[in-house]
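Engineer: Taken in sequence, the protein lines are chains S and B.
Numbering of the first sequence is given in this note's numbering, commencing with residue 1 and proceeding in unit increments.
Numbering of the second sequence is given in this note's numbering, commencing with residue 1 and proceeding in unit increments.
Since the hints were derived computationally from the structure, they do not count as laboratory data.
Watch out, some of these pointers could steer you wrong.
List time: in silico DSBU-like cross-link candidates among lysine-lysine, alpha-carbon distance up to 35 Å [said to hold, decoys possible]:
(1) B:LYS186 to B:LYS45
(2) B:LYS18 to B:LYS133
(3) B:LYS18 to S:LYS46
(4) B:LYS133 to B:LYS186
(5) B:LYS45 to B:LYS18
(6) S:LYS46 to B:LYS45
A quick note: this is a predicted structure, and the numbers were derived from the prediction, not measured.
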Amino acid sequence: MRASAIQPLDLVAVVGRVALSLVEALGRFGTFFARAVGYTVTPPFKTRQLWGRIHFIGYNSLIIIVLTGAFTGMVLGLQVFITLSRFGSEAFLGPAVALSLIRELGPVLAALMVTGRAGSALTAEIGIMRISEQIDALTVMALNPLRYLVVPSIVAGIITFPLMTAIFDTVGIFGGYLVGVRLLGLSQGTYFGEMKTFVDMQDIMTGVWKSLSFGVLVTWVCTYKGYYVGHGAEGVARATTQAVVLCSVLILVWDYFMGSVLP
Amino acid sequence: MIRVENLRKSFAGQPVLKGVNLDVARGEIMIVIGQSGGGKTVLLKHLLGLLRADAGRIVVDGVDITDLRGGALDAVRSRYGVVFQGGALFDSMSVFDNIAFPLRERTSLPGGEIAERVHAKLEQVGLAGMGGKNPAEISGGMRKRVAIARALVTEPEIVFFDEPTTGLDPVLVNTIHGLIVDLHAKFNFTAVMVSHEIPEIFRIARRVAMLYDGRIVETGPPDAIQTSPNPVIQQFIRGDPEGPIHLR
C-alpha cells in the first residue's frame, strides 16, 4: 500500500477536527451573545452609542423600506386581485394583502432589506475596527468593546426592526390599495372594511414577535462576524458576505419555525 | 515596574516567544528591537493583556497580570497609555473627540476641563487648531502624533509604543522621537517601545533589549548594545544580510 493513501483513521481525524471546530464556533457564537445580553442589562448603558445605532440601522434604512414595502404591496394587490377575481372573491383583497404583509412578508422582507443595507455595513465597520486595532484600543483603555459596539447594535435592532416592519406593512397595504382600489376599481370601503374584519391582534403580534427576533438575530450575526473577522481586507470582505448570507438563511429558517409555533 | 519571566507563546504550534525575560525600571524608556515578525508586537500584546501566555509570568508594579481578567485587569490597564502601530484612531470621531474619548469615558471631568486638556495635548504634539479634522483628513505623521496625544491625555504611568514611527520619513521619525523624549521628560512615565528604527532609537532609549529567536538575547544601555560583541546584535544594527540572523 502506498504511504500517501488515505487511511480510515485519517478520515476519522478529519471528521473529528471539523466537528470540534464546529462545536468551538457554536460555543463562541453563543458565549458572544450571552456576554452581550449580560452587558445589556448591567450599567453603564451607552445611550449615545445606542442613538447612533438606531440612526444607522433604522433611520438610514427608511428609504429602502418604504420603496420595497410600496412595491411589495402593489405586486400583492395586482396578483391577489387577479387570483381572487377567478373565484369572484375580489372583496377579500384587503385582508389577503394585509395578512400576507403583517404575518409574513413584512417582517421577512424588512429584515432582509435591513440586513442588506445595515447588517453588511455593521459587519464591515466592526471588522475594519478590529483589523485597524481600534477594538484593541478600546480594550486597553479599559473600555469594553462589546458594551460599546455590540450591545448598542443589538438593542437598536430590537427597537428598529419592529418599527421598520410596521412602516413596511403600512406602506405595503397602501401599495395594495393603490393597485386594487385606484387602478382596478375595488371599492375603498370593501378593501379596508374586510381588512378590519379578518385581521386581528394575534396576526399583528405574530409580525411583531417575528420582527423582534429578526432584530436580535441580524445584529447578533453581523456584529459577531465583524468582531471575529479574519485578516486584512479579504477577511472583512469574507466576513461581510458570510454575515449577509447567514442572516438571510437564518431569517427564512427562523420565520418558518416562528410561523409554525405562533398562532 | 514591569517584569516578564520566561514568557512563552505559540500560534498553531509555531513558537513565537520561547522564554522571554525582561525587566523595565520605573521611569525609563525601554526599547525592544528585533526582526520584523520576530514577536515584538506579540510581547507587547501580552504586556497589554490582549494575549494570554502559554507559560511564564508578567508582573506590573507588583501585580501578576498573567491570568488577570475583567475589572482587575482593567484596573491595571487604566494606568496604561498605548500608541498603536497604525494609530488606531476612531474613524467616526474627529481628532478632538479621539483625544477626549478616554477622558469622557473614564473620568467625570467637566466638559470645559476636558476641552482644556485636549487643546493642551494638541499643542504639545504640535497640532494646535487641528481638533476639528477627521483622522482620514490628516497625514500619517499627524495621525501618529494624535495617537500619542490620546495615549498621554489621561497622564498614564506606563506608555507602550508599538513601532510609532513605522512608515514615516527620517525627519518625521526624529520629530516623533523628539516629541516622545520631551513628553517623557515632562511627565516622567515609564515607556516601553518596540521598534526597528536603527540607529535613531539609540538616541532616545535609556535601555535597549534585543529580541531574537523568541528570547531577549541582550539588554543594556544604547552604548553597550551598539558595542556588543554578540554577532546577532551586530548584524541587526548594521543591517547586514550575511550573518547568524535568518530571514523570516
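Engineer: With a cut-off of 35 Å on the C-alpha distance, tell me whether S:LYS46 and B:LYS45 pass.
Structural biologist: Holds: S:LYS46 and B:LYS45 sit about 27 Å apart, inside 35 Å.
Engineer: Please work out if B:LYS18 and B:LYS133 have their alpha carbons no farther apart than 35 Å.
Structural biologist: Not OK: B:LYS18 and B:LYS133 at ~44 Å, beyond 35 Å, violated.
Engineer: What's the verdict on B:LYS186 and B:LYS45, does the C-alpha distance respect the 35 Å limit or exceed it?
Structural biologist: holds, 26 Å
Engineer: For the pair supplied as a hint, B:LYS18 and S:LYS46, confirm whether the alpha-carbon distance does not exceed 35 Å.
Structural biologist: Since the Cα atoms of B:LYS18 and S:LYS46 sit roughly 41 Å apart, the hinted pair is violated (cutoff 35 Å).
Engineer: Given the hinted pair B:LYS133 and B:LYS186, is their alpha-carbon gap at most 35 Å?
Structural biologist: Distance of about 27 Å is within 35 Å: holds.
Engineer: Please work out if B:LYS45 and B:LYS18 have their alpha carbons no farther apart than 35 Å.
Structural biologist: Holds - the C-alpha atoms of B:LYS18 and B:LYS45 are around 15 Å apart, at most 35 Å.
Of the numbered hints stated above, those contradicted by the structure are hints 2 and 3, listed in ascending order.
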